[in-house]
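Work out the full structure: start from the sequences and follow the hints.
Residue numbers (our numbering), protein chains in the order written: chain A, 1 to 342; chain B, 1 to 353.
Read the hints as simulated data drawn from the structure, not as lab findings.
Since we're looking at a predicted model, the values are computed, not measured.
Some hints here could point you the wrong way.
[Claimed, not checked] No farther apart than 20 angstroms at their CA atoms in a straight line, the calculated lysine to aspartate or glutamate pairs in the EDC-like style are these:
{"hint": "1", "chain 1": "B", "residue 1": "K185", "chain 2": "A", "residue 2": "D164"}
{"hint": "2", "chain 1": "B", "residue 1": "K7", "chain 2": "A", "residue 2": "D126"}
{"hint": "3", "chain 1": "B", "residue 1": "K325", "chain 2": "B", "residue 2": "E168"}
{"hint": "4", "chain 1": "A", "residue 1": "K166", "chain 2": "B", "residue 2": "E12"}
{"hint": "5", "chain 1": "A", "residue 1": "K33", "chain 2": "A", "residue 2": "D62"}
{"hint": "6", "chain 1": "A", "residue 1": "K166", "chain 2": "A", "residue 2": "E232"}
{"hint": "7", "chain 1": "A", "residue 1": "K46", "chain 2": "A", "residue 2": "D133"}
{"hint": "8", "chain 1": "A", "residue 1": "K244", "chain 2": "B", "residue 2": "E217"}
{"hint": "9", "chain 1": "A", "residue 1": "K255", "chain 2": "B", "residue 2": "E244"}
{"hint": "10", "chain 1": "B", "residue 1": "K163", "chain 2": "B", "residue 2": "D306"}
{"hint": "11", "chain 1": "B", "residue 1": "K51", "chain 2": "B", "residue 2": "D20"}
{"hint": "12", "chain 1": "A", "residue 1": "K174", "chain 2": "A", "residue 2": "D50"}
{"hint": "13", "chain 1": "B", "residue 1": "K2", "chain 2": "A", "residue 2": "E232"}
{"hint": "14", "chain 1": "B", "residue 1": "K2", "chain 2": "A", "residue 2": "D259"}
{"hint": "15", "chain 1": "B", "residue 1": "K185", "chain 2": "A", "residue 2": "E165"}
{"hint": "16", "chain 1": "B", "residue 1": "K185", "chain 2": "A", "residue 2": "E119"}
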Amino acid sequence: MSKHVVVIGGGVAGMEAAGQLSKYGFEVSLVEKEKTTGGHLNDWHKLFPDRRSSTEVKEYLDGIILNKGINVLTNTTIEKFNKNRNTFSITTSGGTEMTADAVIVATGFELFRSSRKEEYGYGIYDNVITSSDLEEMFRNDRILMSNGDVPSTIGIVHCVGSRDEKVGNLYCSKLCCVTAVKQAIEIREHLPQSKVFCFYMDMRMGGAHYEELYREAQEEWGVSFIRGKVSEAGETIHNRLVIKVEDTLAGRPLKMELDLLVLMAGMEMSDGGKKIAVSAGLNTGDNRFFAATDNHYGSNRSNIDGIFYAGTCTAPMNITETISHARAAVSEVMDYLNDGKK
Amino acid sequence: MKQEGKKAIWSEYQKDIAEDEYFYVRSCIRQNFFPGSEVAFLRIMRDVLKKDVYEHPCHTTCSGIGYHGDIVPVETAMTVVARQFALMTEAGYTNYVPSCITSFGLYTEILDTWHHFPEVEKKVREQLKKATGREFEKPKNLAHASDVIYKFRKEIAAKAKYKLINKETGEPLKVVDHIGCHYAKMFPSKGVGGAEYPYVLTGMVEEWGGNVVDYPERRHCCGFGFRQYLVQANRGFSVACSKEKFESMKPFKPDMIITNCPGCPMFLDRWQYVINEMEGKRYGQNGQGIPVFTYEEVAGLVLGYDPWDLGLQMHQTDCEPVLEKMGIEYDPDKKFNTDPIAKKVDARQLVNV
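What follows is the structure in structure tokens.
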């Protein structure tokens, strides 16, 4: 009889892990709280650094989980979670009771709630939006201000909710810089007459082809990069945004009017992950993500035998890293279930 | 602009404000700048709201003005503040209400420092004991006087004789609310509404019939900024700060400005005159300035107090445009011919503490 593995979270990591487990002959249940699998991939239009369509990656992931005998439970959350001697008893919100030999937690991340950075006025000023909102505009092929006008001057704020002691997030979300660069290029593609300004603390382009994309944004698309944090946003009587920022390279304060301000929301531990952490007794770190037992050679391992982590529930990572991490989690599960512990 | 977004933030920043029995400490400078305001606060609290407000004759400066002016070390400031708390303790009160925003900020900062560094509190207690023989309890509740008026804004509205409404048009007056920097910018959780969208004055304005104007430079300093003004060479910068605000608010055509800090009404009021002298510019309607008020003055006007009893004749930018709009009855001939409203205090009646 094959071993049963429950994967909690149906985003990129969970889908990849479920697909790989199924391929290796495990009985797999994939639990997803939303009505469909795919996680944040569903909200993104194109992916960095090559600007391929997100649907291509989604199609790959669908291909490895659909019609593969995987028990996919959408619109479902975990209500009860108990560890017995060698198995886990899991009860879902739909009342399904499952016994698992191992569990992969792939609860992912949530975007930082940008209204917490009150000084930027998200949720208050009409033309302050997030990177996620902008992706939706790209998807609909309509980049418009709240009054329906086409914006001509657009600002992008990096590090919203990341590297920020004030909101309690000291860590770098790692992907916002390259997302900003990608989105700046896409804005210029959609609106060739527009001017785009990126306000950054440091440009952290630490991924394959990221630096090249950054250079392309400057040389081919004329995006302006200004090193400095936006301190506040306001609104004129004509509903134009006014921001204050310090240009730390020029050594002077700037005040400028914008039509649209895009906030690069960082990544935070998901609420679902927090709930699982409490119910299963899993350790979390100072950054509130799940704490792996070893940062170098045990990044998939939890403090409870039989529970493993996959993807951004442990730290911000891109899709490439997430898929690799999920595959590594499957490898850990196989070791665990086959080496005599079970 | 989405008002519900602001409401969501306001709901996150509420604070406990004591119901009664306040130990009130005055500002060093307000009695010179706007002498009717603190008296108005006491009249409203005692006569209208029937609250117990105690003033101790021996209280001094909190030394915040020197602390933020870089001439008083923090340890000295802490010991002075400890003495203020000792006076409160000796008088049998636990709810501390400073009139001054900078005092409120300093008290907040010191209580927070003592919370995180109890050894500092211990040292200050020892210093106070050695210097004065006094001991103290920390306040159970610390609220700025504007917090207290905010708490009772509905009760004041219920007794209002006038509203912040243009009598001719029936439209709400457009009010710029200017919050003192030391109110919540250092400790957002200690201010009603937080630091970015403070609600303490907005709540009063809305309750009394007006509409608050959100303009780009609303967070900007009034121009006092201590070293900007206290250092004479920096005073040009002080005027420039105020001018930045006036230029930013002018397109919104505000009817008035309401403030909750000792310095802000002073500088927003006086510098309008100075800018007019320097550049011939006025920022109000019909070639007039924008009248500037303290929240006590506005509360007093709403309750029907005589404008000259409130000391509005001390304003350099005329207040009359607002009086006219609100339909307030007043005698222009008495503007500079008023009897002192505060009863003379016989020094011999003061408690010898």
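Taking the hints in turn, this is what the structure says about them:
1. This hinted pair checks out: K185/B and D164/A have alpha carbons roughly 17 angstroms apart, not beyond 20 angstroms.
2. Only pairs whose Cα atoms come within 20 angstroms are accepted, and K7/B paired with D126/A is accepted, the gap being roughly 15 angstroms.
3. Taking the CA atoms of K325/B and E168/B, the gap is near 7 angstroms; set against the 20 angstroms cutoff, the hint holds.
4. Between K166/A and E12/B the alpha-carbon distance is near 16 angstroms, which keeps this suggested pair within the 20 angstroms criterion.
5. Using a Cα cut-off of 20 angstroms, the hinted pair K33/A and D62/A holds, with the two alpha carbons roughly 17 angstroms apart.
6. Only pairs whose Cα atoms come within 20 angstroms are accepted, and K166/A paired with E232/A is accepted, the gap being roughly 14 angstroms.
7. The suggested pairing of K46/A with D133/A holds, with an alpha-carbon distance near 13 angstroms, which does not exceed 20 angstroms.
8. Taking the CA atoms of K244/A and E217/B, the gap is about 10 angstroms. The hint holds against a cut of 20 angstroms.
9. Taking the CA atoms of K255/A and E244/B, the gap is near 12 angstroms; set against the 20 angstroms cutoff, the hint holds.
10. Our distance criterion of 20 angstroms between C-alpha atoms is met by K163/B and D306/B, whose separation comes to about 15 angstroms.
11. Using a Cα cut-off of 20 angstroms, the hinted pair K51/B and D20/B holds, with the two alpha carbons roughly 6 angstroms apart.
12. A threshold of 20 angstroms between alpha carbons decides the hint, and for K174/A with D50/A the separation of about 17 angstroms falls inside it, so the pair holds.
13. Between K2/B and E232/A the CA atoms are separated by roughly 17 angstroms; this keeps the pair inside 20 angstroms, and the hint holds.
14. Using a Cα cut-off of 20 angstroms, the hinted pair K2/B and D259/A holds, with the two alpha carbons roughly 16 angstroms apart.
15. Pair hint K185/B plus E165/A holds up; C-alpha atoms about 16 angstroms apart against a cutoff of 20 angstroms.
16. In summary, the hint linking K185/B to E119/A is supported, as the alpha carbons are separated by about 11 angstroms, within the 20 angstroms threshold.
In summary, this structure violates none of the numbered hints.
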